[in-house]
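**Q** Single-letter residue listing:
Protein chains: 2
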Amino acid sequence: MDNKEDLEITLIGTGTIGLSFAAFHLSHLSSPSQLTIYDTRPNLSQHIQETLPKFFNDRDAPLNITEINLATSLEGAVKSASIIQESGPENLDIKRKLWAEVERHAPKDALLWSSTSGIPASQQSQDMMDKARLLVVHPYNPPHIMPLLELVPSPSTSDAVIQRTKAFWEARNRTPIHIKRETTGFVANRLAFALLREAIHLVSEGVVSVSELDSIVENSMGPRWAVAGPFKSYHAGGGPAGLEGFFGNIGQTVQNCWDDAGRVDVGQGWEKGIFDMARSEYGTVDTEERDIVTRRVLQVIREEKEGAGDEK
Amino acid sequence: MDNKEDLEITLIGTGTIGLSFAAFHLSHLSSPSQLTIYDTRPNLSQHIQETLPKFFNDRDAPLNITEINLATSLEGAVKSASIIQESGPENLDIKRKLWAEVERHAPKDALLWSSTSGIPASQQSQDMMDKARLLVVHPYNPPHIMPLLELVPSPSTSDAVIQRTKAFWEARNRTPIHIKRETTGFVANRLAFALLREAIHLVSEGVVSVSELDSIVENSMGPRWAVAGPFKSYHAGGGPAGLEGFFGNIGQTVQNCWDDAGRVDVGQGWEKGIFDMARSEYGTVDTEERDIVTRRVLQVIREEKEGAGDEK
Chain W
2 MDNKEDLEIT LIGTGTIGLS FAAFHLSHLS SPSQLTIYDT RPNLSQHIQE
52 TLPKFFNDRD APLNITEINL ATSLEGAVKS ASIIQESGPE NLDIKRKLWA
102 EVERHAPKDA LLWSSTSGIP ASQQSQDMMD KARLLVVHPY NPPHIMPLLE
152 LVPSPSTSDA VIQRTKAFWE ARNRTPIHIK RETTGFVANR LAFALLREAI
202 HLVSEGVVSV SELDSIVENS MGPRWAVAGP FKSYHAGGGP AGLEGFFGNI
252 GQTVQNCWDD AGRVDVGQGW EKGIFDMARS EYGTVDTEER DIVTRRVLQV
302 IREEKEGAGD EK
Chain C
2 MDNKEDLEIT LIGTGTIGLS FAAFHLSHLS SPSQLTIYDT RPNLSQHIQE
52 TLPKFFNDRD APLNITEINL ATSLEGAVKS ASIIQESGPE NLDIKRKLWA
102 EVERHAPKDA LLWSSTSGIP ASQQSQDMMD KARLLVVHPY NPPHIMPLLE
152 LVPSPSTSDA VIQRTKAFWE ARNRTPIHIK RETTGFVANR LAFALLREAI
202 HLVSEGVVSV SELDSIVENS MGPRWAVAGP FKSYHAGGGP AGLEGFFGNI
252 GQTVQNCWDD AGRVDVGQGW EKGIFDMARS EYGTVDTEER DIVTRRVLQV
302 IREEKEGAGD EK
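Respectively, the protein sequence lines represent chains W and C. Oh and the first sequence: position 21 is 22 in this note's numbering, straight run, nothing missing. Oh and the second sequence: position 59 is 60 in this note's numbering, straight run, nothing missing.
So here's chain W without its partners, still in its complex pose (with noise of 0.2 Å):
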């Protein structure tokens, strides 16, 4: 990975995702004619021309849209590619399908990822000869800000491949995680989806609105966790017993919040409530700001993070 002008990326899909990817990899690329787009929509060069400018902004280098590749065949899309990633559609199908074919045309030593938040690679690789080839590479969206990308192996998927997909994220500056089992949602939604179930409760009892929600969050976990995880935070939290001395101290007042957290389920009545009231409090929400300001933080994060390991 070392030497940047051997490398070719192609991308299949170009929604939010894929067009996030795109941006994340034109920004580390040497040049724009390394990536490859591939898309059966129609209009692929009038879409692309038009929406992943919105993935850069005045802070960045300017783009070069007319030098990346667009490919009008699969097979001419990967045949020389190093890395093929696919962002297409949720559909195991599409997907079975999809690798079966690429797995034809590409390189035999070519990085295969999927972007799905759903369907485990074991699923996807059926139809492939290789198995060993397919990983599931998720990101937090949109990739092209947030740092993690979950690694999700099917238990055929070989080591070197995961090895390889961590030693890339990693030279780029992204947190790559290797999660072990296929679990459903894999890591980071699970968790995320658990407090979301409890924070649709807590709203639809009354006990705050939609907004006030959010403005707990980012007065309180959100700075803590995006410095320190939830276990780290509460092993600090223990003192020098760790995260024993915190359940030691308040392990009951943890054990009465599970036992009386909601356990709202969807379409269950509450959605029109907190739909409405998302719409009216938010509106239609600044992203660009958003990511704006996300992108300090990170960065804010990285440069004091990177200060304290000079020290030591």
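Calculated from the structure, these hints are not laboratory results. If you're wondering where the values come from, they're calculated on a predicted model, not measured in any experiment. It is possible that some hints are incorrect.
All copies of an identical chain are treated as equivalent in the list; a pair is satisfied when it fits inside any one copy or across any two copies.
Said to hold, decoys possible - Result set (SDA-like, lysine to any residue): computed pairs, CA atoms no more than 25 Å apart in a straight line:
hint : residue 1 : residue 2
1    : K80       : I66
2    : K98       : S83
3    : K167      : S31
4    : K55       : G239
5    : K132      : L71
6    : K306      : R296
7    : K55       : V162
Following the hints, position chain C against chain W.
**A** Showing chain C alone in chain W's frame:
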């Protein structure tokens, strides 16, 4: 509250939370002599001399600890206070007796705040003549760094007390949120513990390690939620259709994660493995470094949001 000169704040209790509040107030009062500290612990002066400086760092102004009033009786501590803030032991009997006595000696319009993380104002105020005066003001630890204050009134707490308390914290660039019902654990901890439960489940199942799980949160929802809370984020994620669009797109995935979520309980047997892993992966956490980074993160978010506000 505008005339800082007339403000006298009395803190009861000098554990971690009490001293952190002391550090906060000291950096907002015009003189340390406006702060009174009361605690029945022996060698109070020595305790404060030794522990309070840890809540300040090199970036803060130097501190004149000797100017702080150390009260030797509760009556003396509260008799001329504008605000009386209790951060004592989490024991209902102690708090009930305390407030009944505070009420006898404090000025009629003094604000009475409890930092409790679990004992509702309605229980603490049972022996008070005027139950309208007491309000839970629950911080997120440590309060000299973290902006959130959960204001949790009892059904008897007066609206004037809530509004005056809100104004106090807002004038000091903090984020007080009015919690409308005395729910178990209030809101922030319920949300955090819901995520923690799933985190414990996933680590127990061997999906990721303690530090891998933290790394996932630190590189995804932590920084995201520091900038935009969960509802706002998913409302943005749903595009023009907002939160409704988000659930339309991936509501089934959300429900699948909820159905598959772990329901670990305290004392169920997962403890040893996870406590040991936290110890071996983290040892003792450097909270000073964490707090320095957290301050910078919060400052950056404030700068960017105020900047964006100016442009409008």
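**Q** Does each hint hold? Answer for all of them.
**A** Hint-by-hint comparison with the structure:
no.: 1; hint: K80 to I66; verdict: within (22 Å within a copy, 71 Å between copies)
no.: 2; hint: K98 to S83; verdict: within (20 Å within a copy, 72 Å between copies)
no.: 3; hint: K167 to S31; verdict: within (20 Å within a copy, 53 Å between copies)
no.: 4; hint: K55 to G239; verdict: between (45 Å within a copy, 17 Å between copies)
no.: 5; hint: K132 to L71; verdict: neither (28 Å within a copy, 71 Å between copies)
no.: 6; hint: K306 to R296; verdict: both (15 Å within a copy, 13 Å between copies)
no.: 7; hint: K55 to V162; verdict: neither (32 Å within a copy, 47 Å between copies)
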